[in-house]
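All chains, full assembly: derive it from the sequences and hints.
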Amino acid sequence: MDIAIKMSGISMRFPGVLANDNIDFNVRRAEVHALVGENGAGKSTLMNILYGLYIPTAGEIEIWGQKKVFHSVPDAMRAGIGMVHQHFMLIPHLTIADNIVLGEEPCKGNRYLRAEAVKQIEAVCNKYDMHIDPTALVSSVSLGVRQRVEIVKALYRKAEIIILDEPTAVLTPQEIDDLGRVLQKLKAMGKTIIIITHKMQEVMNFSDRITVLRRGRIVGTVSTDETNADEVTQMMVGRSVHLGGDRKAVSIGNAVLRVENLHYHDGRVQKIKDVSFDVYEGEVFGIAGIDNSGQKEISEVITGIIKADKGQIIFDGKNITDWQTEKIRHAGIGFIPQDRQKSGLALGMSVRENMILGYQNLPEYKERGFLLNQEAITKNIDNKIEQYDIRLSSPEAVTRTLSGGNQQKVVVAREIGHATRLILADQPSRGVDIGAIELIHKALIDARNEGKAVLLISLELDEVMLLSDRIGVLHSGKLMGILDAKEATREQIGLMMAGGGVEHAY
Amino acid sequence: MRIKIRGISLANIMTPFVIIAAAMLITSALIMTTGANPLNAYYHLLTGVFSNIIDTINRTVPIAFTAFAVALGIKVGLFNIGLESQFLMGSLASAAAGAYITGLPSAMHVPLCLIVGMLSGMLYALPVTAMFVGKGANLLVLQLLFNSIGTLICTYFIAGPFAGENPAVAAMPRIQATAQQPNLINGPNKLSISILFVILVAFAIWFYLNKTTGGYQLRAVGDNADAARCAGINVKKYHFWVLLAGGGLAGFAGALDVTGNFYRMYGNYSPGYGFDGIPIAMLANGNPLGMVIGAIVFGALRVGSVNMQAKAGVSVEIVKVIQGVLIMLISAQHFVRFLVGKYIKNSERSGKA
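Chains as they are written, first to last, in our numbering: chain A, 7 to 512; chain B, -4 to 348.
Worth flagging that the hints you see were computed from the coordinates, not collected in a lab.
Some clues are possibly wrong.
[As the list claims (entries may be wrong)] On the chain B side, residues computed to face chain A include the following (Cβ under 8 Å):
no.: 1; residue: 12
no.: 2; residue: 16
no.: 3; residue: 206
no.: 4; residue: 208
no.: 5; residue: 209
no.: 6; residue: 214
no.: 7; residue: 215
no.: 8; residue: 221
no.: 9; residue: 224
no.: 10; residue: 261
This one's a predicted model, so the numbers in the text were calculated from it and none came from an experiment.
Cβ atoms here follow ideal geometry from the backbone N, Cα and C, with glycine treated the same way.
The structure is reproduced here in structure tokens:
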């Protein structure tokens, strides 16, 4: 049979939302099929239905031509479907072999045959040309290896169809290349692969066919050979998109921020190791690195939320290392934190009130020294709703009711609007749709064009390369080097992200 | 189209009433199991209230104050259950100041008693607050322990150093005439000026929370302490002062009750005022006007239940059952709100058809 999966007429209704609307989705045997769409387009819902996590409101699923009804994940597994989640489902303190066989251990009576498990796993690895050490602890291996463990786990369970959810979110560029090779090998061995992603580069590099979802509906399925990234993006968004803002030639001015020999530890973990860099007027200084390399700590030390063990932060010539957060913000540093819901917004309060959070003590928002100046606060939001295209029912709307993208726009509008000198943007486009990313990029670049300094931290290497003038690369708390963005290559940065050296520091 | 009244959806307004009605229904079932007629019981409850409105108002005062204290805690993200002992400490200290300080004019003695009550409530809240804010000790456990300690300290003083003229009764001496509040209504059922303080403080809290930068910061801390910290707000400072203010409000309520109502402190002084504030603050969602109304309802329940016991033979304890059921339903209020919202939607739909 040529068709591995045939999903027809799938609809999924959640209270108030039609997440999937009459979707027909076919995957051929031994192909890599990319399922793309913006956040909330319904791709995860569709895959969760295929994996037995949701029972669809309507529609049918056929696997290898046989009609199937999945009531649970084991049902789907029995039909040969395996899934690798974005957040790996592994137990760090067990070995790789223990994790892989968990729940399906080779047994003799009640006894777990660990040696047998290792042997079986080595057989699977050899067959698919993947190299992992089954006796290593999961906690001791990199995220790239953990992902491979998840893939082997699916293969061990005899999966013929493997779903990968945002597989590259936590990988370095080299690990992404490795993943590509693994996928090609699996394909050659007759496995069928679905990848859920929103990164165009991987869609184009990895896939044979692409299915695009928008607002719960299928926009279309195309062959990767016959299309290009722009066309797919246009299908996703419904219009053409221009990322990266409009850069103007700006002369680099004075150093706004100087970070000197910064050290910070949390418990026994050294999170920042002797980091130094400068950010100048009219430039975007990007910091690349895989997740948890010390980015969060650097941004929190600069904004005074946590205090460094050693080192200095110099802002406009003043030593602000020991300043309180509020004083630092009032001095002109805007901070877009990496997690808007956890650190950026009071979700139960109105959008109008959130629009001054962190700046409520500025004289312009105060009256007689202790009262809120309601008029000024209303004026503040009225300007920004229009400028940042924030979609809301009214300024008094509870912030929780906004979509993720609009919530992020509230944070971005607030911070860029109040930052007179420096914008510290920690993953400003995390988890928002491409339309919002376009707007956020433009806002950051516009600020740079006006002569403000921008310190951009992002896990998306493409974003760092697109927006930055100079790029610093972090690897487990150490700044491996600083590169000129015009000359830097993905490979070079990727090597440094993984801890490799740099030939010529900038 | 959802019906909204000044930005608040109808479901939100209806929910407290539905909760109260449901509590009455469940309690009715309990009353029936005792063989009494719930309608008859409720009738005598109501007539008890209306024949004694002044007493209801007197009862409202301490309940409203503890509700204010709980509400401030909720707004800053803390659950304050330490008010019972802080209320008692305020009563004890102001009763002592009222009884043992002599020779002051009334215009000085009454305010002195009130301030002493307020400060001792704050003072008693201080160790728990310092341990919680400074070292992150468990607030609920500390407050529960300090409630027991405070109650026993009061018992000790009333029976020992501060014992009154009649050794057979656990009561302190009557406060001086100069320490007694002036009355709005004189007579056997007197109405002191305490209720004016309730209105004043309710307005002050509303004003502080909604109109001042400090109130804004307090609400931000309560909504998301992490985001408040990122915004440069001193979270610990707000936790500290809200808990201390809670002690002050509870202590002040005790002082009002002593100087305006009973004129002395006696054993088992509080019938649980410190806990009455919790369901009211939650039911009113921290809205000061709602809390005043809630406090009146709770005060009325306490007053009316005495009449109900006498005339309908239903124990006054049934009021505690109503309160217990209320707390249970409030804990499930999102579910109730969901049901109410669904009902409204359905009736709108059938209204259109």
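Hints, one by one, checked against the model:
Given hint, residue 12(B) at the interface with chain A, is violated; its Cβ is 22 Å from that chain's nearest Cβ, farther than 8 Å. Restraint check, residue 16(B) versus chain A: the minimum CB separation of about 26 Å is more than 8 Å; hint violated. For residue 206(B), the suggested interface contact is upheld, since its CB lies about 6 Å from the closest CB of chain A, less than 8 Å. For residue 208(B), the shortest C-beta to C-beta distance to chain A is roughly 5 Å, which falls under 8 Å, so the interface hint holds.
For residue 209(B), the interface hint holds, the least distance from its beta-carbon to any beta-carbon of chain A being 7 Å, beneath 8 Å. Of the supplied interface hints, the one on residue 214(B) holds, with its beta-carbon coming within about 6 Å of a beta-carbon of chain A, less than 8 Å. For the restraint placing residue 215(B) at the interface with chain A, the shortest Cβ-Cβ distance is roughly 5 Å, inside the 8 Å limit, so the hint holds. For residue 221(B), the shortest C-beta to C-beta distance to chain A is roughly 5 Å, which falls under 8 Å, so the interface hint holds.
Hint status for residue 224(B): holds, given a least beta-carbon distance of 6 Å to chain A, under 8 Å. Violation of the interface hint for residue 261(B) is found here, the shortest Cβ-Cβ separation to chain A being roughly 42 Å, above the 8 Å cut-off.
Hint check: violations occur at hints 1, 2 and 10; the rest are consistent with the structure.
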